[in-house]
Structures are given as structure tokens and as C-alpha cells.
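A.B. asks: Chains as they are written, first to last, in our numbering: chain R, 1 to 68; chain F, 1 to 176.
Keep in mind that the hints were calculated from the coordinates and are not lab data.
Check the hints yourself; a few may be wrong.
Unchecked claim - Straight-line C-alpha distance at most 25 Å; calculated BS3-like pairs for lysine-lysine:
#: 1; chain 1: F; residue 1: K144; chain 2: F; residue 2: K110
#: 2; chain 1: F; residue 1: K48; chain 2: F; residue 2: K7
#: 3; chain 1: F; residue 1: K153; chain 2: F; residue 2: K110
#: 4; chain 1: R; residue 1: K20; chain 2: F; residue 2: K144
#: 5; chain 1: R; residue 1: K44; chain 2: F; residue 2: K7
#: 6; chain 1: F; residue 1: K48; chain 2: F; residue 2: K73
#: 7; chain 1: F; residue 1: K153; chain 2: F; residue 2: K73
#: 8; chain 1: R; residue 1: K20; chain 2: F; residue 2: K110
#: 9; chain 1: R; residue 1: K20; chain 2: F; residue 2: K153
Claimed, not checked - If you anchor each label on the Cβ, the simulated ranges turn out as follows:
#: 10; chain 1: F; residue 1: G52; chain 2: R; residue 2: K44; range: 28 to 34 Å
#: 11; chain 1: F; residue 1: D103; chain 2: R; residue 2: P16; range: 20 to 26 Å
#: 12; chain 1: F; residue 1: Q50; chain 2: R; residue 2: Q38; range: 26 to 32 Å
#: 13; chain 1: R; residue 1: I37; chain 2: F; residue 2: N65; range: 18 to 24 Å
#: 14; chain 1: R; residue 1: A50; chain 2: F; residue 2: K110; range: 21 to 27 Å
#: 15; chain 1: F; residue 1: S148; chain 2: R; residue 2: R51; range: 42 to 48 Å
#: 16; chain 1: F; residue 1: R149; chain 2: R; residue 2: E53; range: 41 to 47 Å
#: 17; chain 1: R; residue 1: D18; chain 2: F; residue 2: S145; range: 18 to 24 Å
#: 18; chain 1: F; residue 1: K110; chain 2: R; residue 2: Q56; range: 39 to 45 Å
#: 19; chain 1: R; residue 1: I37; chain 2: F; residue 2: V138; range: 22 to 28 Å
#: 20; chain 1: F; residue 1: S5; chain 2: R; residue 2: G26; range: 31 to 37 Å
#: 21; chain 1: R; residue 1: D55; chain 2: F; residue 2: Q106; range: 41 to 47 Å
Unchecked claim - Partial list, derived from the structure: chain R residues whose beta carbon lies under 7 Å from chain F:
#: 22; residue: P17
#: 23; residue: A21
#: 24; residue: L22
#: 25; residue: L29
#: 26; residue: A31
#: 27; residue: L48
#: 28; residue: L49
#: 29; residue: L52
#: 30; residue: E53
Glycine included, every Cβ here is placed at the ideal spot set by N, Cα and C.
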Amino acid sequence: MNATRTNKAEALDNAPPDPKALEAIGRALEAHYASLIQAPLPDKFVELLARLERDQAPLTQRRRDALG
Amino acid sequence: MPSASFKDELLAEIRNLRAFAISLSGSVSLADDLVQESLLRAWSNSEKFQPGTSLRAWLFTILRNIYYSNYRKRAREVQDSDGFYARRLTVPGDQESHLDLEDFRQAMTKLPVEQREVLTLIGASGLSYEEAAVVCQVGIGTIKSRLSRARAKLVELLELDDTADSPVERKVQRVG
């Protein structure tokens, strides 16, 4: 039992993981990330950018005017 | 002031930015605060962005810096009360693969954040090794070693390494 564990631990340290296992991880990671990307997006981000664009335009113009 | 096209480019990156933030912090509410703050900072520093380079990588760098300087401590506190993020964001899917995706998500949360972020950047966000190195402010060698440690750890956590009774075949099918 102990011998098996030691061998397994050594194998894990020394050998790269099974390509099939890596492939499975890659696919799971993509699926996980895709679910995050597709999750409903709160409106506040789009609203924030719209507000920034609206607010900053006159401000910058005023600064430019002040600088002459 | 930032151009209208810069705003559109930011809009196009919000989902990716948020996905990275959730992966990093493990919390949807923290992630949303992080995205909000990152967008503000990106907007007011738009002149520092170099056209022709990756806007995604630039935004990720901003978000990551904010996370490590202001949010990392909070993340631990919030995670418990916020509930595991996957539950709040689960999209309808077939039940069989959903179960295994849960296993995968649980395993991801057990990785050190330095490994989790590299795995996410390279394996999911589509960044190159070079871009990931810039985002994480380390060398490419460090990126590569974190990536291989992250993968090895996931193999171990998901017991994909146990070839004694060939569960790899079984699990690969389940995860796929």
C-alpha cells in the first residue's frame, strides 16, 4: 500500500500528466469559463461606460477652453 | 477624452473581464466591484493604452492589480457568505456534465490563486504566454511552471491520475 503511494507520488512529480487527463482538464476549463462568459451581465457596466462618455465630454471641453 | 471606439472596445471585453474577475476572486459580488473599478481606471487612463497591443491583457492587468492591492483579503471573508459562485451563475445544461463541472469548479478553488490565474489566462481567456507574463508581472518561465503545477494539481484533485482501475477513460468521458 505504502509502496504504491510512494510510486504514485513519484510518478506525479516526475512524469507529465496523462495527455487524456490534460485534455479533459482543458475541456472542463473551457466549459467552466464559457458558463461565466454567458452568465447574465448586470446593466450597471454598460450604464457606467455610457455615463462616463456623457459626463467626460463636456468636462474635457471645459478644460481645453480654460487652458485656452 | 477616450474615443467612442475605445468605449465600444471596452464594452466588448466586459464579459471576459468579469469571467476573469470571478475566477480570480471566487465571488460574483467582489468580481462586479472589481470590474466596475477596472472600467473606471481604464477610462481615466485610456491614453496609457498602446493601440495594437491586447486591450484584454491591459484590462486584466488593471483588474489584477486592483485585486491584489485592495481585494485579496476581502475575498476570503466574502467567499463564505457569498456562496460558491458557480451556484449563482449556473446556466442550464445537461445534468450529467453539470455534475462534473461542479467537481471541476471545486477543484479550481483549491488551487493557489497564482496557479488559478495563470491557468485561466492561458487555458480560457486566450492570452499568450507572453501576455500572461505581462499581466502577472513575472517571467515566461514562471508562467510555464505555474501552469504545469496547476494542471498536475487538478489531475490529482480530480483523481485523473489513478490508472489502477482506468478511471481516466471514464472521467474523461464524463468531463467532456
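A.B. asks: For every hint, state whether the structure bears it out.
C.D. replies: Comparing the hints with the structure gives:
Restraint check for K144 (chain F) and K110 (chain F): satisfied, since their Cα atoms lie roughly 19 Å apart, inside the 25 Å limit. This hinted pair checks out: K48 (chain F) and K7 (chain F) have alpha carbons roughly 15 Å apart, not beyond 25 Å. A C-alpha spacing of about 9 Å is found between K153 (chain F) and K110 (chain F), which places the hinted pair at or below 25 Å, so the restraint holds. At roughly 19 Å between alpha-carbon atoms, K20 (chain R) and K144 (chain F) fall within 25 Å of each other, so this suggested pair holds.
Between K44 (chain R) and K7 (chain F), the direct Cα distance comes to roughly 14 Å. Compliance with the 25 Å bound is thereby established for this hinted pair. The suggested pairing of K48 (chain F) with K73 (chain F) is violated, with an alpha-carbon distance near 28 Å, which exceeds 25 Å. This hinted pair checks out: K153 (chain F) and K73 (chain F) have alpha carbons roughly 24 Å apart, not beyond 25 Å. Between K20 (chain R) and K110 (chain F) the CA atoms are separated by roughly 22 Å; this keeps the pair inside 25 Å, and the hint holds.
A hinted pair counts as satisfied when its Cα atoms are at most 25 Å apart, and K20 (chain R) with K153 (chain F) qualifies at roughly 15 Å. For the pair G52 (chain F) and K44 (chain R), the supplied restraint of 28 to 34 Å holds, since their beta-carbon distance comes to about 30 Å. A C-beta distance of roughly 22 Å is found between D103 (chain F) and P16 (chain R), which places it inside the suggested range of 20 to 26 Å. Between Q50 (chain F) and Q38 (chain R), the C-beta spacing of about 30 Å keeps the proposed range 26 to 32 Å intact.
The beta-carbon spacing between I37 (chain R) and N65 (chain F), approximately 22 Å, falls within the hinted interval of 18 to 24 Å. Distance hint check: the CB atoms of A50 (chain R) and K110 (chain F) are about 39 Å apart, inconsistent with the given range 21 to 27 Å. A C-beta distance of roughly 44 Å is found between S148 (chain F) and R51 (chain R), which places it inside the suggested range of 42 to 48 Å. Here the CB-CB span from R149 (chain F) to E53 (chain R) is close to 43 Å, well matched to the stated 41 to 47 Å.
Look at D18 (chain R) against S145 (chain F): about 19 Å separates their beta carbons, and that is inside 18 to 24 Å. Between K110 (chain F) and Q56 (chain R) the C-beta distance comes to about 43 Å, which sits within the given range of 39 to 45 Å. Distance hint check: the CB atoms of I37 (chain R) and V138 (chain F) are about 26 Å apart, consistent with the given range 22 to 28 Å. Evaluation of the 31 to 37 Å hint for S5 (chain F) and G26 (chain R) yields a pass: the beta carbon distance comes to about 34 Å.
The hint said 41 to 47 Å for the Cβ distance between D55 (chain R) and Q106 (chain F), and at roughly 43 Å that hint holds. Of the supplied interface hints, the one on P17 (chain R) holds, with its beta-carbon coming within about 4 Å of a beta-carbon of chain F, less than 7 Å. Because the beta carbon of A21 (chain R) sits about 4 Å from the nearest beta carbon in chain F, less than 7 Å, this interface hint is met. Hint status for L22 (chain R) relative to chain F: holds, with the closest Cβ pair at about 6 Å, below 7 Å.
At about 5 Å, the closest approach between the beta carbon of L29 (chain R) and any beta carbon in chain F falls short of 7 Å, and the interface hint on this residue holds. Interface restraint check: A31 (chain R) against chain F, minimum CB-CB distance 6 Å, threshold 7 Å, status holds. Interface hint status for L48 (chain R): upheld, as the beta-carbon distance to the closest one in chain F is roughly 6 Å, under 7 Å. Among the interface hints, the one on L49 (chain R) holds; its C-beta lies about 5 Å from the nearest C-beta in chain F, closer than the 7 Å criterion.
A distance limit of 7 Å between C-beta atoms decides the matter here; for L52 (chain R) the minimum to chain F is near 5 Å, and the interface restraint holds. The interface hint given for E53 (chain R) holds, since its Cβ lies 5 Å from the closest Cβ of chain F, which is under the 7 Å cut-off.
Of the numbered hints given earlier, the model fails hints 6, 14; all others are met.
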